[in-house]
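Asks: The residues making up each chain are set out below.
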Amino acid sequence: GDSVTQMEGPVTLSEEACLTINCTYTATGYPSLFWYVQYPGEGLQLLLKATKADDKGSNKGFEATYRKETTSFHLEKGSVQVSDSAVYFCALSDGGGSEKLVFGKGTKLTVNP
Amino acid sequence: NAGVTQTPKFQVLKTGQSMTLQCAQDMNHEYMSWYRQDPGMGLRLIHYSVGAGITDQGEVPNGYNVSRSTTEDFPLRLLSAAPSQTSVYFCASSYGRQGEAFFGQGTRLTVV
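Sequence lines, in order, name chains C and W. Convert by adding 166 to the 1-based position in the first sequence; the result is the number in this note's numbering. Convert by adding 251 to the 1-based position in the second sequence; the result is the number in this note's numbering.
Quick list of in silico lysine-lysine cross-link-like pairs, DSSO-like style, CA-CA up to 27 Å:
id	chain 1	residue 1	chain 2	residue 2
1	C	Lys274	W	Lys260
2	C	Lys243	C	Lys218
3	C	Lys222	C	Lys274
4	C	Lys274	C	Lys234
5	C	Lys243	C	Lys222
6	W	Lys260	C	Lys271
Partner residues are not named here, just some residues of chain W that face chain C (Cβ under 7 Å, in silico):
id	residue
7	Tyr282
8	Ser345
9	Arg348
10	Glu351
11	Ala352
12	Phe354
To spell it out: a stretch of chain C is covered by chain W in this simulated footprint if at least three of its residues, at any positions, have a beta carbon under 8 Å from a beta carbon of chain W; those stretches are:
id	region
13	211–218
14	269–279
Bear in mind the hints are in silico, worked out from the structure with no lab data behind them. Think of the CB as a built atom: it goes at the ideal place given N, C-alpha and C, for glycine as much as any other residue.
Make the full structure from the sequences, and use the hints.
Replies: Now the structure itself:
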């Protein structure tokens, strides 16, 4: 079945450091790929998405590129801030829509001042 | 704009008790889903619905029932709670297959 594997962390960085969270996937079709973010005590929010190969999703300084050849969707940010501290989830939707998301295990990011 | 509202936020149950987790959305979304979040496991799909009167099972449906009598509401029923159902439960809704999924704030359930 479909699956998502992401760097488990936790990841601790200093403010203004570069961030990369790795995400790879297994899917039978042509999935859409997502990054969701969960701030403490809250539900998940969509951070960015890409629906086909070579698409780049971006939002709030975060970027991820859909790489079909390596089945990857790594999350990157050039300069993190304390407010980026959260849990980040990579997810896919394979042929189905947003009602059937498959999530990775999540990566907890802590950014220190 | 309330979005997706889940009640209650916290609940403690005894083994064998039943209860219903409520989920309501005010965005006229067709699609609604229930997930459970366990440490080190990410989120796993329990049940989902693509419209009123239509529901289907996800990855981990055992021990849970759902119904969708209106577009707005999608309650999740635990028939006989077990400690293995201790988890954080999230409801989500989306408009159309490619629409963004909006999540509620979650219900933290403990079964003792």
